[in-house]
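Which chain is which? The protein sequence lines are A and B, in order.
Per our numbering, residue 22 is the first one in the first sequence, and the count goes up by one each step.
Per our numbering, residue 635 is the first one in the second sequence, and the count goes up by one each step.
Hints are supplied without guarantee of correctness; some may be wrong.
[Said to hold, decoys possible] The calculated label-pair distances, taken between Cβ atoms and stated as ranges, are: (1) B/GLU693 - A/TRP37: 35 to 41 Å; (2) A/ASN23 - B/GLY783: 47 to 53 Å; (3) A/ASN23 - B/GLY808: 48 to 54 Å; (4) B/GLN853 - A/TYR25: 45 to 51 Å; (5) A/TRP154 - B/SER689: 55 to 61 Å; (6) B/GLU693 - A/ASN23: 51 to 57 Å; (7) B/GLU883 - A/ARG486: 35 to 41 Å; (8) B/GLN853 - A/ASN23: 40 to 46 Å; (9) B/GLU881 - A/ASN23: 19 to 25 Å; (10) B/ASP718 - A/TRP154: 54 to 60 Å; (11) A/LYS309 - B/SER689: 41 to 47 Å.
In short, the hints are calculated from the structure, not lab data.
All values reported here derive from a predicted model rather than from experimental measurement.
Every residue gets a Cβ at the ideal spot worked out from N, C-alpha and C, and that includes glycine.
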Amino acid sequence: MNAYTLSQAFDLVATWESLAALAVGLVAGVIGGAIPGMSATMAVAITLPFTFALQPITGILLLLGVYKGGIFGGSIPAILIKTPGTPASSATTLDGYPMAEKGEAGRALTMALYASCIADLLSNLALILAAGWLASFALSFGPPEFFTLILFSLTIIAGVSGDSLLKGLASAVLGLLLATVGLDLVYGTDRFTFGEPNLMGGLNFIAVLVGLFALPEVFAYVYAPREIHGRVRSVTGTAASRADVIRCLPTILRGSLIGVVMGSIPGIGAAPSAFLSYSEARRTSKNKANFGKGEIEGVAASESGNNGVAGATLIPLLALGVPGDVITAIIIGAFMVHGLQPGPLLFATNGSLVYAIFMGLVLSSGLLLCIGWFATRAFRHIADLPKSIVMPAVLVLSIFGVYAVNNTTFDLGVMFLMGGVGYGMMLLGVPAAPFLIAFILGPLLEDSFRQAMLMSGSSPEIFFRSPITWVFWGLTVLSLVFLLTGLRRKPA
Amino acid sequence: MKARLAGLAAMTLAAATATAALAEYPERSITMVIPYGAGGATDISARTMAEPIGSLVPEPVVMINRTGAGGATGSVSVKNADPDGYTMLFARVGSHTVNPAMKATLPYTLDDFDFVGVYEINPVACAVRTDSDIASMEDLVAKVKAEPGRISYSSSGVGSLLHLAGAMVLKSFGVEKPLEQAVHIPMKGGGAAATAVLSGTASFICTNSSALASFVSNQQLKPLMVTTAEPVEGFDAPSAASLGHPELEQLVGWTGIAGPAGIPEEVAEAWRGWLAEVVADEAFVNAMEARGSVIRLMDPAESNAFIRGQYEVFRKLVDDLGMRIE
Numbered sequence: 022m023n024a025y026t027l028s029q030a031f032d033l034v035a036t037w038e039s040l041a042a043l044a045v046g047l048v049a050g051v052i053g054g055a056i057p058g059m060s061a062t063m064a065v066a067i068t069l070p071f072t073f074a075l076q077p078i079t080g081i082l083l084l085l086g087v088y089k090g091g092i093f094g095g096s097i098p099a100i101l102i103k104t105p106g107t108p109a110s111s112a113t114t115l116d117g118y119p120m121a122e123k124g125e126a127g128r129a130l131t132m133a134l135y136a137s138c139i140a141d142l143l144s145n146l147a148l149i150l151a152a153g154w155l156a157s158f159a160l161s162f163g164p165p166e167f168f169t170l171i172l173f174s175l176t177i178i179a180g181v182s183g184d185s186l187l188k189g190l191a192s193a194v195l196g197l198l199l200a201t202v203g204l205d206l207v208y209g210t211d212r213f214t215f216g217e218p219n220l221m222g223g224l225n226f227i228a229v230l231v232g233l234f235a236l237p238e239v240f241a242y243v244y245a246p247r248e249i250h251g252r253v254r255s256v257t258g259t260a261a262s263r264a265d266v267i268r269c270l271p272t273i274l275r276g277s278l279i280g281v282v283m284g285s286i287p288g289i290g291a292a293p294s295a296f297l298s299y300s301e302a303r304r305t306s307k308n309k310a311n312f313g314k315g316e317i318e319g320v321a322a323s324e325s326g327n328n329g330v331a332g333a334t335l336i337p338l339l340a341l342g343v344p345g346d347v348i349t350a351i352i353i354g355a356f357m358v359h360g361l362q363p364g365p366l367l368f369a370t371n372g373s374l375v376y377a378i379f380m381g382l383v384l385s386s387g388l389l390l391c392i393g394w395f396a397t398r399a400f401r402h403i404a405d406l407p408k409s410i411v412m413p414a415v416l417v418l419s420i421f422g423v424y425a426v427n428n429t430t431f432d433l434g435v436m437f438l439m440g441g442v443g444y445g446m447m448l449l450g451v452p453a454a455p456f457l458i459a460f461i462l463g464p465l466l467e468d469s470f471r472q473a474m475l476m477s478g479s480s481p482e483i484f485f486r487s488p489i490t491w492v493f494w495g496l497t498v499l500s501l502v503f504l505l506t507g508l509r510r511k512p513a
Numbered sequence: 635m636k637a638r639l640a641g642l643a644a645m646t647l648a649a650a651t652a653t654a655a656l657a658e659y660p661e662r663s664i665t666m667v668i669p670y671g672a673g674g675a676t677d678i679s680a681r682t683m684a685e686p687i688g689s690l691v692p693e694p695v696v697m698i699n700r701t702g703a704g705g706a707t708g709s710v711s712v713k714n715a716d717p718d719g720y721t722m723l724f725a726r727v728g729s730h731t732v733n734p735a736m737k738a739t740l741p742y743t744l745d746d747f748d749f750v751g752v753y754e755i756n757p758v759a760c761a762v763r764t765d766s767d768i769a770s771m772e773d774l775v776a777k778v779k780a781e782p783g784r785i786s787y788s789s790s791g792v793g794s795l796l797h798l799a800g801a802m803v804l805k806s807f808g809v810e811k812p813l814e815q816a817v818h819i820p821m822k823g824g825g826a827a828a829t830a831v832l833s834g835t836a837s838f839i840c841t842n843s844s845a846l847a848s849f850v851s852n853q854q855l856k857p858l859m860v861t862t863a864e865p866v867e868g869f870d871a872p873s874a875a876s877l878g879h880p881e882l883e884q885l886v887g888w889t890g891i892a893g894p895a896g897i898p899e900e901v902a903e904a905w906r907g908w909l910a911e912v913v914a915d916e917a918f919v920n921a922m923e924a925r926g927s928v929i930r931l932m933d934p935a936e937s938n939a940f941i942r943g944q945y946e947v948f949r950k951l952v953d954d955l956g957m958r959i960e
């Protein structure tokens with residue numbers, strides 16, 4: 022890095038086109054993310070063709086803006102209507118929605134915004150300062166390391182089970198079971214598809230997500246229409262106070278760190294990171310009992326966990342040329358259209374572009390704060406609307422969103438079925454979050470286990486092949502010990 | 635007055651029907667199904683085409699992703715649609731030659747589709763990590779034969795082009811039982827498959843050159859061979875033919891457009907014209923070539939012959955190696 026490259030990079034970013042691209046991207050992302058069923062991935066994929074005609078830096082900043090805006094935007098419906106706009110914000114519903122119910126939608130939304138922006142900034146700094154180091158860490162993650170990491174992550178289930186661990190485990194088992202539907206990874210044979218082509222690809226994740234989280238609320242309302250014209254949830258004017266932010270700061274910092282580590286490893290994504298951050302926050306918090314009932318720290322943990330991933334997924338992309346997830350795979354497409362090859366050589370051949378991207382990223386965290394602030398002000402009034410208006414709107418949005426993912430009515434069937442399951446779980450007091458975690462992590466656990474077994478010719482020693490595996494085995498054992506001692510202390 | 639109005643209405647209706655009979659395809663929007671997820675090779679190819687095709691076709695062209703089961707879910711949805719040209723499919727090597735050759739339970743066959751054209755060819759290359767002691771195909775084959783079970787290759791999943799390519803290349807080079815002597819490690823998606831070689835999880839990979847281009851130019855991966863007759867830009871590796879294996883030229887990726895079997899001649903004709911104009915569009919060609927595709931338009935007859943030919947080759951290999959999935 023020299024002064025000349027830096028000044029060139031500055032010239033690339035400090036143009037109206039670049040700034041406008043970033044801002045437009047963020048706005049589009051926030052809106053796209055806020056629409057349930059329209060994930061950040063879809064928003065980025067739709068934006069891609071528009072970047073072909075733009076300058077490389079403008080196009081890439083546009084895509085990054087959509088990506089970051091999308092991850093934050095997902096938290097808005099998660100808090101207001103208990104429908105995660107993107108899978109990454111599922112954990113935000115756990116405390117965000119109860120807060121909105123209590124009339125604290127404004128506080129939850131602003132905290133989500135602050136946590137997102139702080140984590141985003143830290144994630145970008147990690148990318149700029151430690152990309153090389155984190156990338157080599159990421160490359161040492163083979164299937165055995167991946168397996169131990171996911172195994173450790175499964176201990177999150179205890180953290181989001183609510184009052185009864187048994188009910189949490191039952192929910193997780195159901196999630197694991199439904200995640201096995203589809204094609205077997207190693208043999209390619211059909212599993213539980215009953216000859217139905219629509220089931221061959223497995224259950225659509227968005228349909229399951231929306232069915233499980235949003236629909237039970239609607240069903241419950243239909244069954245017992247409370248507060249038809251009565252109490253309207255108001256007092257949404259308050260924002261998160263400085264004291265709130267200071268209290269949540271350790272949680273946000275930890276969530277950012279978790280996000281950075283999880284984001285730099287290809288193939289995990291933002292949803293597990295948010296859940297891990299949430300469960301860590303709950304485990305260490307003084308207000309442990311309040312988690313799941315509208316604890317602002319829970320919102321901070323989840324949103325810092327998912328936005329911490331955003332900058333870090335660019336680490337494998339820029340340092341190795343490896344796409345960490347589907348979104349970065351699309352962004353690689355934007356590089357290649359302009360004849361740029363992401364990877365170690367990019368720093369040498371197009372250093373100014375790389376540094377321009379870094380500058381743009383840091384700028385995007387600040388811009389996200391401004392744009393997100395307007396978005397929270399605009400959207401939070403949704404929480405003031407009577408349920409008789411909100412609930413039908415949620416139903417329509419859910420149907421529209423789930424249909425849009427794959428353009429098939431089959432997914433709507435899956436959604437309504439899962440809505441029924443979710444409603445049943447709600448009546449029985451079975452938490453939905455463990456189901457979702459198992460549904461996301463189960464296939465990763467199975468795949469990495471079987472890949473590792475193929476590598477080693479079925480010798481289990483491979484799961485102890487590196488220090489990383491030992492660390493995660495250790496962490497897993499520790500969490501189980503904490504869990505069991507905690508259970509024993511609790512009066513039966 | 636009423637009678638005159640009715641008369642007028644009847645006349646307009648008659649005129650409308652007359653034009654409808656004469657009207658050229660398309661009269662309404664065309665739905666194009668992309669059977670793979672957003673961001674994949676097929677999706678990016680389709681979205682690159684969306685721009686020029688959208689300005690050529692007088693009615694809206696709607697691109698939708700219908701993902702699942704290696705392209706099968708989206709393909710079935712088009713197979714079951716009316717063959718009127720208003721539901722078309724971006725068919726891909728995986729969904730239309732590898733999968734039909736490998737999966738016995740696949741709910742469709744090649745006979746269920748009419749191809750209006752193949753427009754893109756993707757050369758296949760095999761590569762290893764730069765610091766690997768394997769320097770040539772000869773080394774690779776010798777290693778596989780010397781230490782059965784030590785060498786592995788990654789793929790984007792069972793029934794993918796990569797899965798078949800690794801086996802086909804080894805078989806061609808004289809490895810009798812490639813799936814026993816080498817280990818196949820399926821990953822989730824092409825990006826993960828390339829990363830697996832980079833991180834040492836797998837020893838080699840055979841996939842579309844476009845998926846490897848950036849790793850090769852960054853000297854993270856070392857190409858051993860390309861399957862096309864012509865050399866591939868940026869890949870300093872011999873062609874399969876020059877190594878004495880011209881039969882591997884069948885091993886290429888492609889993308890084409892198909893409708894359900896029985897689409898009218900008029901529809902195929904319209905698409906032929908549109909595709910011919912698209913591949914003449916400079917912006918389209920540049921965007922595609924920047925990602926390592928070779929633009930090559932085949933007419934319906936040629937497309938069918940090409941796809942059938944590839945299917946037969948793959949089918950024979952699958953039967954010889956016992957790779958069929960029941």
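Point to revise | Violations among the numbered hints, reported as their numbers in ascending order | key: 4, 5, 8, 9 and 11
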